[in-house]
Amino acid sequence: MAEKVSSSSKAVFALAGVLFLAASGAILGWFRQPRELRLDPPLSANLDRIKLMPNGISGSPPESYFAIGKPYESDAWNLSQGKRLYAWFGCGSCHGDGRGGVGPSFLDGWWLYGPEMVSIVASIRDGRPHGMPAFRDRMTSEQIWQLAGYVQTIGSYKPKVAAPSRNDDRQTRPAENRGPAKILFDEGPAGVHPDQGPTP
Amino acid sequence: MTQDGDGLRDSSMEGSELHRRLTAIWSTPSGLWGALSTVDHKIIGRRYVTTAFVFLALGGVLSLLIRLQLAQPEARFIGPDRYNQIFTMHGTNMMFLFAVPVMQAMAIYLVPLMVGTRNIAFPRLNAFSYWVYLAGGLLLWIAFAVDTGPDVGWFAYVPLAGPEYGAGKRADIWAQMITFTEVSALAVAVEIVVTVFKQRAPGMSLDRIPLFVWSMLVTSFLVIMAMPAIMVASSSLILDRLVGTHFFNPAEGGDVLLWQHLFWFFGHPEVYIIFLPAVGMVSTIVATFTRRPVFGYLGMVMALIATGVLAFGLWVHHMFVAGLPRLGESFFTASSMAIAVPAGLQIFCWLATMWAGRPVFKTPFLFVIGFMVIFVIGGLTGVMVASVPFDTQVHDTYFVVAHFHYVLVGGAVFPLLGAVYYWFPKFTGRMMSETLGRWIFGLIFTGFNLTFFPMHILGLQGMPRRIYTYQPEMPWSGLNLFISLSAVILALGFLLFFVDAIRSARSGSLAPANPWGARTLEWATSSPPPPYNFARLPVVDRLDPLSDDIEAVPVASGLRVDRRELLTSSVVHASPEAREASPGDSIWPLWAALASTLMLIWSIFSPWAVVWGSIPLAITLIGWFWPKGVPEDEA
Ligand code: HEM
Ligand SMILES: [Cu+2]
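Chains A and B, in that order, are what the protein sequence lines are.
Going by the numbering used here, the letters in the first sequence line up with residues 1 to 200, in that order.
Going by the numbering used here, the letters in the second sequence line up with residues 1001 to 1635, in that order.
For the record, the hints were derived by calculation from the structure and aren't laboratory data.
Being a predicted model, the structure only gives us computed values, none of them experimental.
Think of the CB as a built atom: it goes at the ideal place given N, C-alpha and C, for glycine as much as any other residue.
Heads up, a few of these hints could be off.
[Claimed, not checked] Now the in silico label distances, taken between C-beta atoms and shown as ranges:
1) I1467(B) <-> D195(A): 47 to 57 Å
2) Q1393(B) <-> L37(A): 31 to 41 Å
3) L37(A) <-> P1607(B): 28 to 38 Å
4) L21(A) <-> R1466(B): 26 to 36 Å
5) W88(A) <-> T1392(B): 28 to 38 Å
6) W88(A) <-> V1194(B): 27 to 37 Å
7) Y157(A) <-> I1457(B): 53 to 63 Å
8) Q1471(B) <-> D195(A): 54 to 64 Å
9) P1464(B) <-> T199(A): 51 to 61 Å
10) H193(A) <-> Q1393(B): 50 to 60 Å
11) P1627(B) <-> F20(A): 34 to 44 Å
12) I1467(B) <-> E36(A): 16 to 26 Å
Start from the sequences and build out the full structure, keeping to the hints where you can.
In structure tokens, the structure reads:
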């Protein structure tokens, strides 16, 4: 720029510039959202090592899950992959668009086995006694986690920023980023299938 | 018009006294605040040009990364996901952040000088448009830096860019960047139209307007008519993605082809928005360096207007393989070929001018010759792809990449570089180096052809575009390596250009007012011009108002010197109509741009941003337009 700038304001400019660069560098590093198209095999093997409570509800995720920054609940790419897997593996044939069918609803506000990621992963991987098939041998651990993140998203009361939007299909309910669980919450006392859920 | 007698007039004032008073009233105060609130079209124009060239350099670096990855089959320099972002960023950046803005930027600086006025119309809107443009550019590049850069191609076709397949905010960043750049482009277009229609120097009737100004006028109308289509499209895309509307969802009665129509209804005129200003630059340079007016002024103007009108009847040629009715395809083939007529007419007019004149082969003129060669080749392949059977073969192959770089780089970047060499003295008061200039031209011309010509062959051999790698079994490796090496020559040329520009801006030899012996009004004032452009507004009595003695230009007097004042004139004959105040510096355009930025970025995440974000925007606009009781507020 050719306008005249006095030397003191030049120094201010320079200082501001350096600060700005440093700050933006830090912010950029913090916000970076790399897309892992394929997880490192050791990491993805480790994802399998969830520790569950004896009743199969709740527990703690494996170390590697924290190491990679818990991407499956909050990362748009993984959530959208989850959504795709939900269709490809026919989850909808029992769980409908998330509002249930033969299987329980995910967005009525009731989780039979709790809303934690590990519980959902366990439901998908190992199946559940009252009719939920195990998918352990049909998909990779990474896919199971992606799917679990998506299923959790369907049921979250506060729409996640990264939640997927509508598909190019007929619409049966608001898309996940509109917070369907908030709109379609069911007061209870219990879901449509009193027979399902953990046996005490 | 104010009554006679009020205010201090310039009529009986002497040169030095006039200079002192005009400087006091028009100059931009030094310091940060002055820089942020200035509305001087020259300062803003320089800023715009500089920023656009920074984006050119950044986009160039991306293209080198692309070429690095494609130099070998199955290369592993860049992964597919990053590659998608890189080539989308390259296209988007070059089209929306470089090519269109840089042309408008040149006009912001030059048009007011060429029509002999003191500032652009709506100078605060001009300041606003720059800040919005800068914010849009930063949005795109910061997003890219955090791995959230758009990855859907520069034309963001649905359903790929739609809610189902475009995960995350990447496509939203693209769509919102469009909003930023189109708001700024529309603002500048309006300013230019009004400047050209209402602020021409007395006597500059329609048939005395310089060709560059004509080309910018036509371009501005194209912007005003084409940009709304893309803003509708990108806003609908954001709505589809954020709130689940169904504009592009066929299952609910939407239409994916609607996207393509809206995009290309803008996208085709877009290439003329880039090309027509370049045509104006070429005409100006040709006239100066052949020492005679351009042959067939009327024909040139008519060709500009015809191109502008035809530009809106071609968009479907980008959709030949989308499955359209036969009749439609034939119609758009015919119209696409028809546009070669005005383009050819202009080429022949320039050739005739050179033929009849005494060409001086200085750097700007060399770039013009480079333009002619390259653009004609690009035009020929353009006529080829206008034919449906041929396009069906080469669509989405490197043939098309070769074609559009021939027209974009040949048709716009070459004239632009020539224009930079030509007007650099006016922008900075210093000359660029003639020796380096010749080297730069040689490197860029050779590098360009070596890089892009082989792409025609690759395309005919079937290499698809937009791929991040290819298999070693394909017969493409040799040429790809050759292209990547040639790109280094091209990059070297550009590097040298930047070096020369920066060096000359600091220590080039000082330029006189009219170093090239040109005949248009911007050379009637010092280099660089004083803040008020002209001490007394020139009066025009012929097409080329400058003679060798620039003091001999007749001038008008009677303007006030105690406030920013300029003359408005009638549209056709440019007879003076009124003395008009021109707004002074203001910081509010910056605040308004920041408020718009807040609202637009927020609205990627929540639709409520439009409601809550409009409150700060309204406040800044009220501040902007609140009467401040300064002399400029008087009628
Ligand atoms: C200066 C040297 C340049 C080089 C070496 C270069 C190279 C490339 C390459 C390799 C591609 C990728 C083609 C593909 O995979 O489809 C590309 C795409 C593109 N380039 Fe350039 N380019 C340059 C300058 C420009 C300029 C100046 C413009 C515009 C004014 C431009 C506009 C585009 C566009 C619009 C695309 C299409 C991107 C897409 O398909 O989404 N390029 N360029
Ligand atoms: Cu076109």
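Evaluated hints:
Our hint of 47 to 57 Å for I1467(B) and D195(A) holds, since their Cβ atoms are close to 54 Å apart. Take Q1393(B) and L37(A): their Cβ atoms lie about 32 Å apart, and the range 31 to 41 Å holds. Between L37(A) and P1607(B) the Cβ separation comes to about 31 Å, which falls inside the hinted range of 28 to 38 Å. Distance hint for L21(A) and R1466(B): a CB-CB separation of about 33 Å, consistent with the stated range 26 to 36 Å.
Taking the beta carbon of each, W88(A) and T1392(B) are about 33 Å apart, inside 28 to 38 Å as hinted. Look at W88(A) against V1194(B): about 57 Å separates their beta carbons, and that is not inside 27 to 37 Å. Distance hint for Y157(A) and I1457(B): a CB-CB separation of about 59 Å, consistent with the stated range 53 to 63 Å. Against the hinted window of 54 to 64 Å, the Cβ-Cβ separation of Q1471(B) and D195(A) comes to about 55 Å, which satisfies the hint.
Between P1464(B) and T199(A) the CB atoms are about 57 Å apart, so this pair conforms to the stated range of 51 to 61 Å. In this structure the supplied range 50 to 60 Å holds for H193(A) paired with Q1393(B), their Cβ-Cβ distance being about 58 Å. Restraint check, P1627(B) to F20(A): a C-beta distance of roughly 35 Å satisfies the suggested window 34 to 44 Å. Distance hint check: the CB atoms of I1467(B) and E36(A) are about 22 Å apart, consistent with the given range 16 to 26 Å.
In this structure, only the earlier hint numbered 6 is contradicted, and the remaining ones agree with it.
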